[in-house]
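A.B. asks: For reference, the chains in residue letters:
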Amino acid sequence: MVPVDYYIALSAILFTIGTLGVLSRRNPLIIFMSIELMLNAANLAFVAFASVYQTFSGQIFVFFVIAVAAAEVAVGLALIVEIFKTRKNINIDEMNSLKG
Amino acid sequence: MAPPVNYTDLYTILPYIILTVWACLLLLVDAFLIPKSSKGITAFLAALGLAISLGYSVTQVGIQSTGFAGMVTLDGFSTFANILLLASGLFGVALAYGYTKRMGIERGEYYTLMLFSVTGMMLMAQASDLIIVFLALELLSIPLYVLSALARKLDSEESGVKYFLLGAFASGFVVYGTALIFGATGSTHLISIFAQAASGMTSNLLLTIGAALLLVGFGFKVAAVPFHMWTPDVYQGAPTSVTAFMAAGAKIAGFVALFRVFATAFPAIAPDMTAILWAISALTMIIGNIVAISQTNIKRMLAYSAIAHAGYILMAFVPYGNEAVMPIAIAAGLFYLVAYAVSNFGSWGVVIALEKAEGKGLELDDYAGLAKKYPALAIAMTIFMLSLIGFPPTLGMVGKFYLFRSAIAGGFSGLALIGLITSLISAYYYLRVVVNMYMKEGDPEIEREPWLGFTTAVTAIVTVVVSFVPQFLFLLASTAVLR
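In order, the protein sequences belong to chains A and B.
If you count the first sequence from 1, position 61 lands on 61 in the numbering used here, and the numbers rise without skipping.
If you count the second sequence from 1, position 345 lands on 345 in the numbering used here, and the numbers rise without skipping.
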């Protein structure tokens with residue numbers, strides 16, 4: 001059996017990749033994918049820890065996270081589609097009409 | 001076997017249930033029964049729902065209970081926060097009523113989304129399990145993303161997308177922080193986390209990292225430096241009535257959840273957390289106030305002012321690990337949240353009165369000559385500005401006094417000194433608005449809307465009058481502390 005530490009390490013790596021992706025990418029869709037990566041890294045950690053403690057609560061948390069992530073996708077994609085309709089472009093470097 | 005849900009469970013979150021059911025029904029009623037031309041009815045129905053929920057919340061004063069296997073708590077703290085949040089919702093509806101009509105963004109879903117957001121905020125105040133904290137955080141945030149983008153113009157959509165991306169980023173931190181805390185203690189329940197951490201059997205490193213990640217998430221919500229980048233853009237781009245609502249509501253909800261989670265679950269790692277909170281608080285006060293000086297747009301200026309105020313509230317909470325100071329710190333924080341919410345709605349109300357279509361009328365120069373033409377409005381704005389500086393005789397001054405007292409009682413005089421100096425700096429940009437209104441020539445036009453005038457008048461009166469009798473409010477806040 002694979003030791004739990006490996007799962008935790010993998011989730012930490014995934015979370016870091018997600019964070020770096022959010023900070024370095026310029027396309028909102030890719031940023032959004034990176035955020036999903038962060039959430040799923042957390043899910044992996046939850047499941048791994050739940051198997052350590054032999055409790056269900058960690059796994060149940062994962063279901064909530066998945067449901068919330070789906071809700072976020074619905075709203076987020078709608079917003080991105082809406083802004084694409086207005087300006088035919090979704091690069092966030094060009095989202096600079098607000099400045100001061 | 002006991003039934004899965006009993007009366008106590010439901011009673012614990014009664015105001016929340018009322019508002020949720022009301023919001024769901026309102027969504028249907030608005031879609032099928034209310035004609036497009038009279039969406040004002042939806043506003044009144046939304047206000048009615050908030051008022052009913054507020055009424056039930058008031059009847060819960062002094063009652064303590066827990067429900068749903070300890071997932072939610074009803075205590076003085078949550079009731080105080082619920083009342084404040086529901087009142088904020090009412091002010092938010094009052095400000096939106098005329099503004100949305102005038103700006104051509106009057107839609108029924110505006111009010112429904114606001115109600116859902118308020119339910120999320122109330123759940124934040126009652127949550128005593130990190131699962132509920134996370135769900136409540138999303139429930140309050142997702143409607144706010146939509147509301148920010150509701151005007152469907154470039155600025156508004158841009159602010160919606162920015163708020164969404166950074167808000168989702170922040171919730172990623174909250175979830176991962178919760179995962180690490182779960183890993184350290186084997187539970188997501190605040191009291192079990194406390195018990196585990198106090199037993200000394202846990203990995204403090206994992207717990208500290210988890211708590212720090214949670215703090216990042218809350219820091220985003222309350223707009224604390226260095227997690228404040230979204231604030232000016234979102235506050236500027238969103239419709240002003242939405243800005244007013246989220247500046248107060250999201251901040252109150254973020255802080256009450258922060259208070260409860262940290263005070264209940266993390267006293268064991270207070271020394272590490274105190275150092276982090278100290279740095280965030282100091283940076284927030286300094287950067288918020290200094291950047292505000294260079295702003296020429298009133299919405300951006302108030303956004304930086306909102307950032308700075310997050311720093312002041314955090315200042316009181318820095319010594320939270322100190323048993324003797326913690327109750328004063330939380331009472332001071334709650335008191336200041338009231339003071340901030342009142343002055344905040346008032347000043348945004350004045351901004352709404354002067355705003356014209358296409359984002360005109362939002363520069364500081366547009367306030368020139370306001371005192372000559374509309375003296376009452378100018379006096380109200382002066383009161384709000386003085387309150388935000390912390391100048392007597394206003395609620396803001398009393399609130400700041402309590403915050404400083406808590407920081408000094410906790411032995412953080414240096415931080416209090418930073419707060420004092422930055423308050424002096426803030427006088428420059430707040431008073432610039434007053435100088436513009438009274439000493440410059442100009443010909444501003446305002447919109448006369450009854451509910452807007454009502455909100456501005458009520459908040460101005462409360463700001464001044466309560467500052468003479470602050471003890472009763474502070475007493476309420478003190479009895480509301482966690483325990």
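Rather than coming from a laboratory, the hints here were simulated on the basis of the structure.
A portion of the hints provided could be inaccurate.
[Claimed, not checked] Pairs of lysine-lysine residues, derived as PhoX-like cross-links and limited to a Cα-Cα distance of at most 20 Å, are as follows:
1. B/373 - B/153
2. A/88 - B/101
3. A/85 - B/360
4. B/101 - B/356
5. B/101 - B/36
6. B/373 - B/356
[Stated by the list, open to error] Computed list of chain B residues with no C-beta within reach of chain A, every gap over 12 Å:
7. 189
8. 206
9. 271
Note that CB positions come from ideal geometry on N, CA and C, so glycine has one too.
A.B. asks: With reference to the structure, classify each hint as holding or not holding.
C.D. replies: Going down the list of hints, with the structure as the test:
| no. | hint | verdict |
| --- | --- | --- |
| 1 | B/373 - B/153 | 32 Å, violated |
| 2 | A/88 - B/101 | 29 Å, violated |
| 3 | A/85 - B/360 | 24 Å, violated |
| 4 | B/101 - B/356 | 12 Å, holds |
| 5 | B/101 - B/36 | 12 Å, holds |
| 6 | B/373 - B/356 | 17 Å, holds |
| 7 | 189 | 8 Å, violated |
| 8 | 206 | 9 Å, violated |
| 9 | 271 | 25 Å, holds |
Violated hints, in rising order: 1, 2, 3, 7 and 8; the structure is consistent with all others.
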